[in-house]
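Chain W is already provided as a structure; the job is to place chain V on it using the hints.
There are 2 protein chains.
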Amino acid sequence: MEYFKGMEDKGLIVMEGVKGGHDGMNQSSPKRFRKKKQEQLDIPALANDVRTGKRTSLSKAITLVESSNTAHKEQAQTLLQELLPFTGNSIRIGITGVPGAGKSSFIEAFGTMLCKMGKKVAVLAIDPSSSLSGGSILGDKTRMEELVRQENAFVRPSPSAGTLGGVHKKTRETMLLCEAAGYDVILIETVGVGQSETYVRGMVDFFLLLVLTGAGDELQGMKKGIMELADAILVHKADGDNMRPARRTVQEYKQILHFLQPSTPGWVSASLAASSLEKTGLDEVWKMLETFEETTKKSNYWTVRRHEQTRDWFHTMITDHLVDSFYNNPSRKVQVRDLEKAILNGQLTVTQGVNQLFQE
Amino acid sequence: MEYFKGMEDKGLIVMEGVKGGHDGMNQSSPKRFRKKKQEQLDIPALANDVRTGKRTSLSKAITLVESSNTAHKEQAQTLLQELLPFTGNSIRIGITGVPGAGKSSFIEAFGTMLCKMGKKVAVLAIDPSSSLSGGSILGDKTRMEELVRQENAFVRPSPSAGTLGGVHKKTRETMLLCEAAGYDVILIETVGVGQSETYVRGMVDFFLLLVLTGAGDELQGMKKGIMELADAILVHKADGDNMRPARRTVQEYKQILHFLQPSTPGWVSASLAASSLEKTGLDEVWKMLETFEETTKKSNYWTVRRHEQTRDWFHTMITDHLVDSFYNNPSRKVQVRDLEKAILNGQLTVTQGVNQLFQE
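In the order they appear, the protein sequences are chains W and V. Every letter in the first sequence is one number past the one before it in full-length UniProt numbering, and letter 15, counting from 1, is 15. Every letter in the second sequence is one number past the one before it in full-length UniProt numbering, and letter 210, counting from 1, is 210.
Possibly wrong hints are sitting among the right ones.
Which copy is meant is left open, because identical chains are indistinguishable; a pair holds if it fits in one copy or across any two.
To be verified - List time: in silico SDA-like cross-link candidates among lysine to any residue, alpha-carbon distance up to 20 Å:
no.	residue 1	residue 2
1	K254	G225
2	K333	W313
3	K254	M243
4	K341	E308
5	K341	W302
6	K341	H315
7	K341	P85
8	K119	M288
9	K287	T264
10	K254	E228
11	K254	F292
12	K54	P265
13	K333	D320
14	K279	M117
15	K279	L289
16	K73	L357
17	K287	K298
18	K341	Y301
19	K341	Q77
20	K254	G214
21	K341	T310
22	K297	P262
23	K341	R305
If you are wondering where the hints come from, they were derived from the structure by calculation, not from laboratory data.
The shape of chain W in the complex, shown without the other chains (with noise of 0.2 Å):
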């Protein structure tokens, strides 16, 4: 295809495995891709290459998605469409964790455990805080070499995009793309600080909340309503002489949950515990996640919370460019930046202020 040819050697195509042994892994960022010359993409061979689950091509729209350029916006745009269709048959899983709880080391066992069941997994990030400059954190191959190897992984560093915004519907549409190309199970991982954990809990059936020993000590560092968020709380390193304080804080967080709301209606949020190196609880991870597919589906909330999810990005992304739009116009910020000081020295109301900004 013309298509593919070109880009090869200006690093779009990173994924060399489709020819040889590859590393799962595509690291190509949307500002290379802006380089290039504009090309006739094909979109619904494309379309039928994600489908048919070709790797290579799987990355190649994923590009597209998280480039700025405009014509490939559109282009995207008319891509997804097409899948769009073929999209929504997985189980969408987001996964965070306190700092040091080995997110990666879990998702590597974890996913790694599921392409040997025959499963397709896809791994995506979400990085609120990383920049234009890249620093992705899945840029660490070495990471998750036994996933990356598996025929059936899919690992997808995080898009370097810039605002909140723009981060969420990428990964949105990304996971859309991977969905397509018949992934079953799709782990969103949350890095970095901010209101990420929010933004996931959004776009998923299930989260996913990875603690270590030592419930009391540390929560005391643990985010801000981070507990009512998630539908487990998985008590990782959960080996060698870290059994026995592990089991006892499943147990305190079972108490803890206990007083908290559900995050999902109709499910009891589980605490359990699992080791990634000694690959333990990882099966009972799944049990409980088909355990819970099942339920919320009887109870039809799984549909209503997809539904109520996609709603919420659509009224989300209105606000989000009426309150761009506005604050993007220079003269508008100078004029709020005036505004906010009076209202801050105690010469103007709040009202007054506002009113003041859209009265003409």
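Just chain V now, with coordinates in the frame of chain W:
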């Protein structure tokens, strides 16, 4: 004053107390106010009367702030601007509670105690669920019989306005009026369901959560994230046979709070018990509030938070304005509804939907 005269028979001044024994309540609704033929208000005189602590003038000023009449709105802003230099000198306390926790009886007992200590106490209520038809929760005067008889108390029913944004704004402005009138303690009661707690947390210095004994059971019905908003949890109705379980519950909450992030940086959220019936523990609540004020003023977080709250309020009102003017356009509403349908049916991507809305 001409202004006051015409209104008395129209029900604007319900607080007849200025002439005889008053009940500390003003239940006039903006609706009635709107019906009045527009009159020339002497804003500087009204501002002066508010400042000298005339309760009828404060009531009138609040009614003006709550009015949706365009002329009134402008007058209200002029009034507020005049009074701004005299605002800010109170401790703003938000009070919420699980159903049946006895918020009103607590406010009655606690407020009366403060009045007897020489404090000026204003009680406001925020009720986003209340409709235009009225249904103010503090309408039932008998609920705070003793408090409303206090010379130093001012009890204002919740504004009966429509939207949450509106109530939010009105309660903030009412709070400022009360401060200008010299009230030292502002108690804001959250009422109804929904997000009122988050809104109140965004406008107060201290947020108090009232609960009952038996944490384990009752917490099941507690709103998500509510405990992490609280600066203190008060186990209420700690009297009679309830004394012992209350002490145990206080300890249980201490443990839970230990696991959660504090609501105010530098302040360890407290857990304590009180009885409004036997009037025990109320002085401890006040001592705690004094310590809180001292601590956060020393760290300067007191001022930092208030500035943040004002800034947030300004930006929230900007966003609200942008979103409202977008959705208030009837043709937009239809367009959004149709696009939403197409998106949920899988005919359009979310991005395409947003693009279609804004490409014109």
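The hints, checked one at a time:
no. : hint        : in the structure
1   : K254 - G225 : both (16 Å within a copy, 17 Å between copies)
2   : K333 - W313 : between (26 Å within a copy, 17 Å between copies)
3   : K254 - M243 : within (17 Å within a copy, 28 Å between copies)
4   : K341 - E308 : between (39 Å within a copy, 12 Å between copies)
5   : K341 - W302 : between (47 Å within a copy, 19 Å between copies)
6   : K341 - H315 : between (31 Å within a copy, 13 Å between copies)
7   : K341 - P85  : between (51 Å within a copy, 15 Å between copies)
8   : K119 - M288 : within (16 Å within a copy, 57 Å between copies)
9   : K287 - T264 : within (17 Å within a copy, 40 Å between copies)
10  : K254 - E228 : both (13 Å within a copy, 19 Å between copies)
11  : K254 - F292 : within (17 Å within a copy, 32 Å between copies)
12  : K54 - P265  : neither (38 Å within a copy, 51 Å between copies)
13  : K333 - D320 : both (16 Å within a copy, 17 Å between copies)
14  : K279 - M117 : within (14 Å within a copy, 65 Å between copies)
15  : K279 - L289 : within (17 Å within a copy, 51 Å between copies)
16  : K73 - L357  : between (33 Å within a copy, 16 Å between copies)
17  : K287 - K298 : within (16 Å within a copy, 52 Å between copies)
18  : K341 - Y301 : between (47 Å within a copy, 19 Å between copies)
19  : K341 - Q77  : between (42 Å within a copy, 18 Å between copies)
20  : K254 - G214 : both (14 Å within a copy, 17 Å between copies)
21  : K341 - T310 : between (38 Å within a copy, 11 Å between copies)
22  : K297 - P262 : within (17 Å within a copy, 37 Å between copies)
23  : K341 - R305 : between (42 Å within a copy, 16 Å between copies)
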